[in-house]
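Required output: the full structure, derived from the provided sequences and hints.
Listed in order, the protein sequences are those of chains A and B.
In terms of numbering that gives the first Met the number 0, the first sequence is residues 0 to 219.
In terms of numbering that gives the first Met the number 0, the second sequence is residues 0 to 219.
One thing to keep in mind: the hints can contain errors.
Copies of one chain are not kept apart here, so a pair can be met inside one copy or by any two copies together.
Listed next, the in silico BS3-like pairs over lysine-lysine satisfying Cα-Cα at most 25 Å (straight line) [unchecked claim]:
| hint | residue 1 | residue 2 |
| --- | --- | --- |
| 1 | Lys76 | Lys26 |
| 2 | Lys170 | Lys74 |
| 3 | Lys71 | Lys7 |
| 4 | Lys159 | Lys71 |
| 5 | Lys159 | Lys22 |
| 6 | Lys76 | Lys170 |
| 7 | Lys170 | Lys202 |
| 8 | Lys26 | Lys7 |
| 9 | Lys7 | Lys170 |
| 10 | Lys108 | Lys41 |
| 11 | Lys7 | Lys159 |
Don't read these hints as lab results, they were simulated from the structure.
Protein chains: 2
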Amino acid sequence: MNYKYILKIVIADDHQMFREGFKVLLKNQPELELIGEAENGKELLELVEIQTPHVAFVDIKMPVMDGIEACKRLKTKFPDIHIIGLSSYNDDNLVVDMLEAGAKGYLLKNTNRQELLEAAMTVYEGGVYYSKATSDKLSRMIGKSKFNPYRIHPPVIFSKRETDIIQLMCKQLTNREIATQLNLSIRTVESHRENILQKTGAKNSIGMVIYAIKHGIYEI
Amino acid sequence: MNYKYILKIVIADDHQMFREGFKVLLKNQPELELIGEAENGKELLELVEIQTPHVAFVDIKMPVMDGIEACKRLKTKFPDIHIIGLSSYNDDNLVVDMLEAGAKGYLLKNTNRQELLEAAMTVYEGGVYYSKATSDKLSRMIGKSKFNPYRIHPPVIFSKRETDIIQLMCKQLTNREIATQLNLSIRTVESHRENILQKTGAKNSIGMVIYAIKHGIYEI
DNA sequence: GTGGAGCTCCGTGTAAATACGGATGAGCCG
DNA sequence: CGGCTCATCCGTATTTACACGGAGCTCCAC
Numbered sequence: 000m001n002y003k004y005i006l007k008i009v010i011a012d013d014h015q016m017f018r019e020g021f022k023v024l025l026k027n028q029p030e031l032e033l034i035g036e037a038e039n040g041k042e043l044l045e046l047v048e049i050q051t052p053h054v055a056f057v058d059i060k061m062p063v064m065d066g067i068e069a070c071k072r073l074k075t076k077f078p079d080i081h082i083i084g085l086s087s088y089n090d091d092n093l094v095v096d097m098l099e100a101g102a103k104g105y106l107l108k109n110t111n112r113q114e115l116l117e118a119a120m121t122v123y124e125g126g127v128y129y130s131k132a133t134s135d136k137l138s139r140m141i142g143k144s145k146f147n148p149y150r151i152h153p154p155v156i157f158s159k160r161e162t163d164i165i166q167l168m169c170k171q172l173t174n175r176e177i178a179t180q181l182n183l184s185i186r187t188v189e190s191h192r193e194n195i196l197q198k199t200g201a202k203n204s205i206g207m208v209i210y211a212i213k214h215g216i217y218e219i
Numbered sequence: 000m001n002y003k004y005i006l007k008i009v010i011a012d013d014h015q016m017f018r019e020g021f022k023v024l025l026k027n028q029p030e031l032e033l034i035g036e037a038e039n040g041k042e043l044l045e046l047v048e049i050q051t052p053h054v055a056f057v058d059i060k061m062p063v064m065d066g067i068e069a070c071k072r073l074k075t076k077f078p079d080i081h082i083i084g085l086s087s088y089n090d091d092n093l094v095v096d097m098l099e100a101g102a103k104g105y106l107l108k109n110t111n112r113q114e115l116l117e118a119a120m121t122v123y124e125g126g127v128y129y130s131k132a133t134s135d136k137l138s139r140m141i142g143k144s145k146f147n148p149y150r151i152h153p154p155v156i157f158s159k160r161e162t163d164i165i166q167l168m169c170k171q172l173t174n175r176e177i178a179t180q181l182n183l184s185i186r187t188v189e190s191h192r193e194n195i196l197q198k199t200g201a202k203n204s205i206g207m208v209i210y211a212i213k214h215g216i217y218e219i
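Put into structure tokens, the structure is as follows:
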């Protein structure tokens with residue numbers, strides 16, 4: 000498996016032991032960068048307020064504010080965030096609630112680093128992911144519900160060239176300067192820029208750079 | 000908000016978790032450079048002995064030597080250092096002690112990067128800064144004491160109008176749309192934009208929006 | 001009551017970006 | 001092979017942005 004992104008993630012769980020174990024799983028996993036931890040849903044909301052994670056791993060059962068409520072609020076306030084529910088065992092009803100609240104994935108806590116990475120990447124790209132160890136009962140519940148795994152929106156993927164151009168644009172180079180630097184015609188650069196605007200849905204280069212920053216294409 | 004310094008800061012707190020969170024808050028905050036950490040007051044004194052921080056963020060409650068004692072000793076030995084007290088909740092009496100010991104600011108630990116930066120800059124420029132979430136009780140205590148809050152305003156680079164326009168630009172409005180929304184002539188908006196570009200040193204609107212995001216003028 | 005800062009407005013340009021249309025070849029994959 | 005994406009290039013036109021200049025007004029502080 001090969002991924003081209005580095006995803007910023009956060010973990011919300013009330014047990015420090017689990018958070019530590021989670022961090023151990025992230026060792027030597029450069030594709031996932033843990034940028035914050037929360038002990039409950041309230042802290043998670045505060046955390047997301049100041050950070051900008053791509054994916055949040057959220058325990059369903061937490062004090063103060065549980066994962067389901069946190070998920071609902073997160074999706075309202077930060078529609079772009081991708082949420083993966085966590086539960087200690089197959090707490091079927093709660094998992095379904097979590098998915099209805101907007102989570103796009105679900106993992107049992109005794110997961111492994113492979114699943115962790117796969118789940119994060121899948122939901123980030125617009126898909127859904129369920130723990131392989133998901134109980135038959137939960138599988139049937141999901142199968143019957145609207146949460147059947149499918150890819151909603153094709154992920155916005157940028158070609159290498161487009162990524163280059165986005166980054167150079169973010170460095171305040173003009174189309175002409177980018178063309179010179181990349182040995183391209185300025186018209187080619189303009190074409191790429193148009194495609195980028197179209198893909199990101201941005202109205203102008205400002206929207207594009209915000210998109211780029213949000214999605215980690217450009218680091219500030 | 001715009002600051003022209005890069006402040007060297009240190010953090011003293013006995014909880015590694017908090018220090019890590021503190022460091023997260025400093026991400027993308029080029030104005031604050033963390034040059035050292037200490038786990039207690041004693042380590043803090045040793046640290047300041049060999050480093051020269053502009054501002055020290057010091058937890059009040061620490062083992063070995065608490066923040067209050069550390070603050071007193073620091074102010075005696077290094078009168079130029081600026082100290083901001085930290086506490087997990089409104090521990091009113093201790094906060095007052097900390098301020099009497101020479102701290103020029105006080106922050107609750109669940110602060111944000113905006114407050115962090117503002118507090119650091121304010122005390123560095125000779126002012127005092129208290130956490131916005133400071134309890135009413137503490138406010139009264141401070142009000143009665145010699146530590147009457149006042150704020151030295153750092154050189155304000157952006158006027159209210161300019162800030163408005165920056166934020167609308169970040170929302171991908173064109174000059175014309177901004178003019179309409181603010182009931183201004185488009186030429187006025189263009190003038191403001193030119194001033195903003197000049198102030199930020201940005202080459203175009205992309206540089207400006209990156210500046211705005213970096214400095215908390217626009218939240219993404 | 002002078003001076004500065006902020007806000008407002010304007011003229012005249014050039015440079016750049018945005019928007020629509022189109023095309024060709026290379027490379028990959030089933 | 002056939003279909004696809006990517007990268008490359010182009011024409012034409014309009015809209016915005018950027019850059020340089022100047023000026024009058026209010027408000028407030030010194």
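25 Å Cα threshold - placement of Lys26 relative to Lys76: Cα proximity of Lys76 and Lys26: across copies only (22 Å, versus 31 Å in one copy).
Evaluate Lys170 and Lys74 at a C-alpha cut-off of 25 Å and name the case that applies: within, between, both or neither. between (31 Å within a copy, 20 Å between copies)
Could you place Lys159 and Lys22 in one of the four classes (within, between, both, neither) given a Cα distance threshold of 25 Å? Neither way: Lys159 and Lys22 sit 31 Å apart in one copy and 32 Å across, limit 25 Å.
Could you figure out if Lys26 and Lys7 sit no more than 25 Å apart (CA to CA) within one copy, between two copies, both or neither? Answer is both: 14 Å inside a copy and 13 Å across each meet the 25 Å cutoff.
How would you label the pair Lys7, Lys159 (within, between, both, or neither) given a Cα cut-off of 25 Å? within (20 Å within a copy, 33 Å between copies)
As a check of your reading, is Lys108 near Lys41 (CA-CA no more than 25 Å) within one copy, between copies, both or neither? both (21 Å within a copy, 15 Å between copies)
Up to 25 Å between alpha-carbons, please classify Lys71 paired with Lys7: within, between, both or neither. Only inside one copy: Lys71 and Lys7 sit 20 Å apart there, 40 Å across copies, limit 25 Å.
Homomeric proximity label, Lys159 with Lys71: Cα distance no greater than 25 Å: neither (35 Å within a copy, 34 Å between copies)
Indicate which option fits the pair Lys7, Lys170 if close means a Cα-Cα distance not exceeding 25 Å: within, between, both or neither. both (22 Å within a copy, 24 Å between copies)
Since the copies are identical, ignore which copy is meant and state whether Lys170 and Lys202 lie within 25 Å (CA to CA) inside a copy, between copies, both or neither. Both. Shortest intra-copy (19 Å) and inter-copy (9 Å) distances satisfy the 25 Å Cα cut-off.
Check Lys76 against Lys170 for me: Cα-Cα at most 25 Å, and say if that holds within a copy, between copies, both or neither. The answer is between: 16 Å across copies meets 25 Å, while 29 Å in one copy does not.
When held up to the earlier numbered hints, the structure conflicts with 4 and 5 and fits the remainder.
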